[in-house]
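A.B. asks: Turn these sequences into a full structure, and let the hints steer you where they fit.
As they're listed, the protein sequences go chains A and B. Heads up: the first sequence is residues 1 to 218, going by the working numbering. Heads up: the second sequence is residues 1 to 204, going by the working numbering.
For the record, the hints were derived by calculation from the structure and aren't laboratory data. Ideal Cβ placement from N, Cα and C applies to all residues, glycine included. Heads up, some of the hints might be wrong.
Under 10 angstroms between C-beta atoms, here's a sample of chain B residues computed to sit facing chain A [as the list claims (entries may be wrong)]: (1) D23; (2) P25; (3) R45; (4) L50; (5) Q51; (6) E62; (7) F86; (8) A88; (9) Y91.
Stretches of chain A that chain B covers, calculated by requiring three or more beta carbons in the stretch to come under 8 angstroms of a beta carbon on chain B [what the hints assert, rightly or not]: (10) 11-18; (11) 79-88.
A few chain B residues that don't get close to chain A, going by computed Cβ distances all over 10 angstroms [unchecked claim]: (12) R3; (13) N19; (14) I38; (15) D104; (16) I132.
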Amino acid sequence: MIALFIRDLRLAVRAGGGFGLGLAFFLIVVVLVPFGVGPDRAVLEPIAPGILWVAALLSCLLSLDRIFALDFEDGSLALLATSPLPLEGAVLAKTVAHWVTTGLPLTLAAPALGILLHMKPEAYGYLFASLLLGTPALSMIGTFGAALTVGLRRGGLLLSLLVLPLYVPTLIFGAEAVRRGAEAMAVQTPFVMLAGITAGAFALLPIAAAAALRVNLR
Amino acid sequence: MLRVDNLTCARGGRPVLSNVSFDVPDGQALILRGANGIGKTTLLRTLAGLQPALSGDIQVDEEDTAYASHADGIKAQLTVAENLAFWADIYGTDVPETVYTDFDLADLRERFAGTLSAGQKRRLGLGRLGVIKRKVLFLDEPTVSLDRFSVKLFANFIQNRHLANGGIAVIATHIDLGLTARELDLEPYRAAIDDLGSSDEAFL
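C.D. replies: Next comes the structure, spelled out in structure tokens:
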């Protein structure tokens, strides 16, 4: 599992791996918002948590179809499926690698981008914490979607349609946690829900994704 | 020992081979012959456990098997040594020096796999077999895009490193590998068109 994780990280940072693309996309979306709605603090301040969360979600989506598609095309997925590594373990290793290359950089960059949206200073800590807790779920749900659509031509679009509705709970509780934090309200409930979603996704979806891969490899 | 009893395997829900039976004792290879489309790949994928058999029985320890497909499963952005090391890690083995000599990869060790020619990539893909140290190999057209010299290297590896150590190999190929191995022509096992025809095809 660690070998696969390290290989995926290595592939991501080498030429053509796509590392940083999600982060650059995140940056551009967030920069575009003030152009669209105007630089007025009264407008931007309340929508900042929501914008940052939606942007994080979209940039996470960007690299999902690469998780299995490349391995499927060059045959390594079939070889992995016949290797001693259980497919569930392979799914988990790939999820964690995806999170380290997209979710984690987004989490680290988001507070800096909050400045562009006039986010309240009190909210930075909550934004960081909610993304740290929520983005692993985005990677896990996305990996499951990628496993379902692997092998389909133009599967990327179908993948977005499948995965985005599944992202709704994470988005609701993630953005809510930041909003409540900014208003100095109790944040326990949204954080507990967010943690619950992430834990549930990691408990169930590796098994579901591995089953989907087995069917798609036939 | 690999034993296959009355195996029927299907592709896309349609049976292609029916009632295939053979056994391969330790230290021997079996060469699968047959026209394009007869089901050599389907049979090998079924044996490797990638798809279920419609009926029949395969007796082999699954922990001992390995599969090599048409595709090499190598990563262009990794070097030759990194590609081999990855598979060694997955299988919990290490990369023996002999792999580099057996497949003539010594000079390519630090090259990125993306810069290799088709034949060199194939040699790297086959080199994986020397790394993972599995007893039962299912090989699907292993010599595609290999020159005559490399075919000889591959045949030597199978004969001297694999079979000589009690390994088993089932190889689908169209050329003469120069191995002393039994050949199995799949033509007699071709499934009849309406054989076990599944219900959804009746209406198509």
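A.B. asks: Run every hint past the structure and note whether it holds.
C.D. replies: To see whether the hints hold, each was checked on the structure:
For D23 (chain B), the interface hint is violated, since its Cβ never comes within 10 angstroms of a Cβ in chain A; the closest pair sits about 21 angstroms apart. Annotation: P25 (chain B) was flagged as interfacial toward chain A, and the flag is violated, the nearest CB pair being 23 angstroms apart, outside 10 angstroms. Checking R45 (chain B) against chain A by beta carbon gives a least distance of about 8 angstroms; that is within 10 angstroms, so the hint holds. Interface hint status for L50 (chain B): upheld, as the beta-carbon distance to the closest one in chain A is roughly 6 angstroms, under 10 angstroms.
Contact between Q51 (chain B) and chain A, as hinted, is supported at the beta carbon level, the nearest pair being about 4 angstroms apart and thus within 10 angstroms. Evaluation of the E62 (chain B) hint against chain A yields a held restraint, the C-beta minimum of about 9 angstroms falling below 10 angstroms. Using the Cβ-Cβ criterion of 10 angstroms, the hint placing F86 (chain B) at the interface with chain A is satisfied: the shortest such distance is roughly 5 angstroms. Because the closest C-beta pair between A88 (chain B) and chain A is about 8 angstroms apart, less than 10 angstroms, the hint holds.
Look at Y91 (chain B): its Cβ gets to within about 6 angstroms of chain A, closer than 10 angstroms, so that hint holds up. A stretch counts as covered by a chain when three or more of its residues have a beta carbon under 8 angstroms from one of that chain; for the segment 11-18 of chain A and chain B the count is 5, and the coverage holds. Counting residues of the segment 79-88 of chain A whose beta-carbon sits less than 8 angstroms from any beta-carbon of chain B gives 7, enough to reach three: the coverage restraint holds. Every CB of chain A lies more than 10 angstroms from the CB of R3 (chain B), the least distance being 19 angstroms, so the non-interface label holds.
At roughly 21 angstroms, the least C-beta separation between N19 (chain B) and chain A is larger than 10 angstroms, which holds for a residue marked as non-interface. The beta carbon of I38 (chain B) is kept farther than 10 angstroms from every beta carbon of chain A, the shortest such distance being approximately 19 angstroms. Look at D104 (chain B): its CB is around 22 angstroms from the nearest CB on chain A, clear of 10 angstroms, so calling it non-interface holds up. For I132 (chain B), the non-interface assignment is contradicted: its Cβ lies about 8 angstroms from the closest Cβ of chain A, within the 10 angstroms cut-off.
Of the numbered hints given earlier, the model fails hints 1, 2 and 16; all others are met.
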